[in-house]
Amino acid sequence: MKLGVVTFPGTCDDVDARLAVAKVAEPVALWHGDSDLHGVDGVVIPGGFSYGDYLRAGAIARFSPVMESVIAFARAGGPVLGICNGFQILCEAGLLPGALLPNVKLRFVCRQVDVEVQTVATPFTATCEVGQRLSIPAKHTTGCFFGDVPREQVVLRYAEGHNFNGSQDDVAGVVNEQGNVMGLMPHPEHAVDLLTGGSADGLKLFEGMARVAVA
Amino acid sequence: MRARVLIRPKAGILDPQGVAVERALPALGFGGVGNVHVGRLVELDVEDASQLDDMCRKLLANPLIEDYEIQTVEPAAAS
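First to last, the protein sequences are chains A and B. Using the working numbering, the first residue of the first sequence is number 168, and each one after it goes up by one. Using the working numbering, the first residue of the second sequence is number 367, and each one after it goes up by one.
Just to be clear, a hint being listed does not mean it is correct.
[As the list claims (entries may be wrong)] Which chain B residues face chain A? A few, computed with CB under 7 Å, are given here:
1) L380
2) P382
3) N428
4) I431
No wet-lab data here; the hints were simulated from the structure. Computed from a prediction, not measured in an experiment: that's the story for all the values here. Ideal Cβ positions, reconstructed from N, Cα and C, are used throughout, including at glycine.
Isolated chain A (complex conformation) (with noise of 0.2 Å):
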């Protein structure tokens, strides 16, 4: 079972995104300007500033050759996980309802976080239990959500005290309406390891995600 991870110029979580793949799957580095998904079971979109951010977060990646496929490739059911500009690239896609803005205080950003798991209805959280607090790290400027999301689509909100980005509702993630693309603005693959990334809890994602991917 095979999952992509993409990687465009500006991206810097792709190895680390990898490496958590690894851990539940044979992971497959995808290239922005190859349209092909090398036969993938899910795709995973890292963290970074593709294209450098220019004009907003996530607006040019949105139209690479890669993300065209990536998009055909969601409607059509597969799993697709947006971590951070991941995330960002899925809204623009509209691929997700929603925006991110900027943080409410202007600011870059790095710091644990806790979340609390909303449901277990999706394949990326079937792993996990709700009202349960994950522990990941966040990092980012432009964090704070946007929208009018339903509330089963809301898949992740910031613990009490834990919302710094100011996002509406607290939320941390989001799901399509068919439940099989996730965006979340913390960083699940820094947090699969107990030596580097405080806990391990962010590695339920990717369980979750290649068990909906081995279906």
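Assemble the complex: chain A is given as a structure, and chain B must be docked to it using the hints.
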């Protein structure tokens, strides 16, 4: 044709840049300033101005969070 696209945060959307500027101006002694919003300006030469609206909706602005205003200025700038 030379075109100018003004992009600004939609009314009611959190605009922390505008707020920061609004707070900074009185600190410099400029009083009586309010309702500050910070947006973007895109200037471009286009052959077909009728495409501008589509360009704005697909790329230059995110209609969910931003309003845009298209101004056309004749003639095209010398390159």
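Numbers of the earlier hints that this structure fails to satisfy, in rising order: Of the numbered hints given earlier, the structure breaks none, since each of them holds.
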